[in-house]
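For the sequence shown, the residue numbers in UniProt numbering are 1 to 186.
Keep in mind the hints are simulated off the structure, nothing from the lab.
Please note that the accuracy of each hint is not assured.
Okay, derived cross-link-like pairs now, EDC-like style, lysine to aspartate or glutamate, Cα gap no bigger than 20 Å in a straight line [unchecked claim]:
{"no.": "1", "residue 1": "K130", "residue 2": "E172"}
{"no.": "2", "residue 1": "K140", "residue 2": "E176"}
{"no.": "3", "residue 1": "K65", "residue 2": "E131"}
{"no.": "4", "residue 1": "K105", "residue 2": "D85"}
{"no.": "5", "residue 1": "K57", "residue 2": "E172"}
{"no.": "6", "residue 1": "K130", "residue 2": "E97"}
{"no.": "7", "residue 1": "K140", "residue 2": "D60"}
{"no.": "8", "residue 1": "K57", "residue 2": "E165"}
{"no.": "9", "residue 1": "K171", "residue 2": "E143"}
{"no.": "10", "residue 1": "K140", "residue 2": "D126"}
{"no.": "11", "residue 1": "K140", "residue 2": "E165"}
{"no.": "12", "residue 1": "K140", "residue 2": "E97"}
{"no.": "13", "residue 1": "K65", "residue 2": "E176"}
{"no.": "14", "residue 1": "K147", "residue 2": "E165"}
{"no.": "15", "residue 1": "K65", "residue 2": "D119"}
{"no.": "16", "residue 1": "K140", "residue 2": "D32"}
{"no.": "17", "residue 1": "K74", "residue 2": "D32"}
{"no.": "18", "residue 1": "K140", "residue 2": "E37"}
{"no.": "19", "residue 1": "K130", "residue 2": "D168"}
{"no.": "20", "residue 1": "K105", "residue 2": "E143"}
{"no.": "21", "residue 1": "K65", "residue 2": "E104"}
{"no.": "22", "residue 1": "K65", "residue 2": "E143"}
{"no.": "23", "residue 1": "K140", "residue 2": "E172"}
{"no.": "24", "residue 1": "K171", "residue 2": "D85"}
{"no.": "25", "residue 1": "K147", "residue 2": "E172"}
{"no.": "26", "residue 1": "K74", "residue 2": "D49"}
{"no.": "27", "residue 1": "K57", "residue 2": "D119"}
{"no.": "28", "residue 1": "K130", "residue 2": "D49"}
{"no.": "29", "residue 1": "K57", "residue 2": "D168"}
{"no.": "30", "residue 1": "K74", "residue 2": "E97"}
Okay, the calculated beta carbon distance ranges per label pair [what the hints assert, rightly or not]:
{"no.": "31", "residue 1": "E178", "residue 2": "Q35", "range": "24 to 30 Å"}
{"no.": "32", "residue 1": "Y89", "residue 2": "E145", "range": "29 to 35 Å"}
{"no.": "33", "residue 1": "A157", "residue 2": "N93", "range": "32 to 38 Å"}
{"no.": "34", "residue 1": "R166", "residue 2": "N93", "range": "18 to 24 Å"}
{"no.": "35", "residue 1": "G98", "residue 2": "R166", "range": "26 to 32 Å"}
{"no.": "36", "residue 1": "D29", "residue 2": "F83", "range": "34 to 40 Å"}
{"no.": "37", "residue 1": "E145", "residue 2": "L91", "range": "21 to 27 Å"}
{"no.": "38", "residue 1": "S99", "residue 2": "G153", "range": "18 to 24 Å"}
{"no.": "39", "residue 1": "G153", "residue 2": "H55", "range": "19 to 25 Å"}
{"no.": "40", "residue 1": "Q26", "residue 2": "F83", "range": "18 to 24 Å"}
These numbers come from a predicted model, not from an experiment.
Every residue gets a Cβ at the ideal spot worked out from N, C-alpha and C, and that includes glycine.
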Amino acid sequence: MTFRDLKSLIDMFAVCVIALLCLSLQPLDQLDHHQLEGSWVLVAAGLRDPAHLEHFKTRDSAIIKFASASEPSKISFTRIFGFNDSCHYLLSNITLEGSSFSFEKINITVTFLYTSCPDCVVMRFDNESKEPLRVYLFSKRREVEQKEMEEFGAQVACLNMLPPERMDPTKELCPENEEKAEGQKA
């Protein structure tokens, strides 16, 4: 076997590995809204637009909260962002449709993707043309294991996005209720 043959074999193997990893971009088959309930901390993000990446880097922290409403498919979705000692709270009511939901006022669809991480959710945000804009890894933990981060990195690569940007787990999280906390503005 020549060096060229070996290089071709390695290249073919790499393509196969990437193809297998891209299978993990599949939406969840069964999304149980009860599994979503509670708070999730943003661990990392994959972004397509460099300008959005720069804006993303200004965040100190991010939390999302899901809470059930009266109807099984209706859910309250709260986003809590920390920027420079201030906290910003956004509340939306969403309707789950399979493994996705849409925001009523903006043309964004969010799809929950497969992850092997037992206490994580991966959320892909698509525009109205169904083009992926960003993908987020949330967990019940502030940090995930290396293999979980590698899986997320492969998903980001398969979506042709910029390399994942990790949140700083040492930064303080905003309080989950919109009350002023010491040293923070609500």
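Here is what the structure says about each hint:
1. Distance check on the hinted pair: K130 and E172 sit about 34 Å apart at the alpha-carbon level, beyond 20 Å; violated.
2. Restraint check for K140 and E176: the C-alpha separation of about 14 Å stays at or below 20 Å, so the hint holds.
3. As the CA atoms of K65 and E131 are separated by approximately 25 Å, the hinted pair breaks the 20 Å bound.
4. In summary, the hint linking K105 to D85 is not supported, as the alpha carbons are separated by about 28 Å, beyond the 20 Å threshold.
5. A distance of roughly 15 Å separates the Cα atoms of K57 and E172; the hinted pair therefore holds under the 20 Å criterion.
6. At roughly 16 Å between alpha-carbon atoms, K130 and E97 fall within 20 Å of each other, so this suggested pair holds.
7. Between K140 and D60, the direct Cα distance comes to roughly 17 Å. Compliance with the 20 Å bound is thereby established for this hinted pair.
8. For a cut-off of 20 Å, the pair hint linking K57 to E165 stands: about 8 Å separates their Cα positions.
9. Our distance criterion of 20 Å between C-alpha atoms is met by K171 and E143, whose separation comes to about 12 Å.
10. Only pairs whose Cα atoms come within 20 Å are accepted, and K140 paired with D126 is rejected, the gap being roughly 24 Å.
11. With a CA separation close to 18 Å, the supplied pair K140 and E165 stays within the 20 Å bound.
12. With a CA separation close to 23 Å, the supplied pair K140 and E97 exceeds the 20 Å bound.
13. Annotation: proposed proximity of K65 to E176 holds, straight-line Cα distance about 8 Å (limit 20 Å).
14. Simply put, K147 and E165 have alpha-carbon atoms about 16 Å apart, close enough for the 20 Å limit, and the pair holds.
15. Between K65 and D119 the CA atoms are separated by roughly 14 Å; this keeps the pair inside 20 Å, and the hint holds.
16. Among the hinted pairs, K140 with D32 is consistent with the structure: their alpha-carbon atoms are about 17 Å apart, no more than 20 Å.
17. Simply put, K74 and D32 have alpha-carbon atoms about 12 Å apart, close enough for the 20 Å limit, and the pair holds.
18. Using a Cα cut-off of 20 Å, the hinted pair K140 and E37 holds, with the two alpha carbons roughly 11 Å apart.
19. Using a Cα cut-off of 20 Å, the hinted pair K130 and D168 is violated, with the two alpha carbons roughly 30 Å apart.
20. A hinted pair counts as satisfied when its Cα atoms are at most 20 Å apart, and K105 with E143 does not qualify at roughly 32 Å.
21. A hinted pair counts as satisfied when its Cα atoms are at most 20 Å apart, and K65 with E104 qualifies at roughly 18 Å.
22. For a cut-off of 20 Å, the pair hint linking K65 to E143 stands: about 18 Å separates their Cα positions.
23. Distance hint between K140 and E172 is fulfilled; the C-alpha atoms sit about 15 Å from each other, no more than 20 Å.
24. Taken as a hint, the K171 and D85 pair is honoured in the structure, with Cα atoms around 10 Å apart against an allowance of 20 Å.
25. As the CA atoms of K147 and E172 are separated by approximately 25 Å, the hinted pair breaks the 20 Å bound.
26. The hinted pair formed by K74 and D49 fails the criterion: a straight-line CA distance of about 31 Å is larger than 20 Å.
27. Restraint check: the Cα-Cα separation between K57 and D119 comes to about 24 Å, which exceeds 20 Å; the hinted pair is violated.
28. The suggested pairing of K130 with D49 holds, with an alpha-carbon distance near 16 Å, which does not exceed 20 Å.
29. As the CA atoms of K57 and D168 are separated by approximately 10 Å, the hinted pair is consistent with the 20 Å bound.
30. As the CA atoms of K74 and E97 are separated by approximately 10 Å, the hinted pair is consistent with the 20 Å bound.
31. The hint said 24 to 30 Å for the Cβ distance between E178 and Q35, and at roughly 25 Å that hint holds.
32. A C-beta distance of roughly 30 Å is found between Y89 and E145, which places it inside the suggested range of 29 to 35 Å.
33. Separated by about 34 Å at the C-beta atoms, A157 and N93 satisfy the suggested range of 32 to 38 Å.
34. About 30 Å separates the C-beta atoms of R166 and N93, a value inconsistent with the hinted range of 18 to 24 Å.
35. Here the CB-CB span from G98 to R166 is close to 29 Å, well matched to the stated 26 to 32 Å.
36. With their beta carbons about 36 Å apart, D29 and F83 fall inside the hinted range of 34 to 40 Å.
37. Judged by the Cβ atoms, the range 21 to 27 Å given for E145 and L91 is violated: they are separated by roughly 32 Å.
38. A C-beta distance of roughly 21 Å is found between S99 and G153, which places it inside the suggested range of 18 to 24 Å.
39. For G153 paired with H55, a C-beta distance near 21 Å keeps the hint of 19 to 25 Å intact.
40. With their beta carbons about 34 Å apart, Q26 and F83 fall outside the hinted range of 18 to 24 Å.
Checked against the numbered hints given earlier, the structure breaks hints 1, 3, 4, 10, 12, 19, 20, 25, 26, 27, 34, 37 and 40 and satisfies all the rest.
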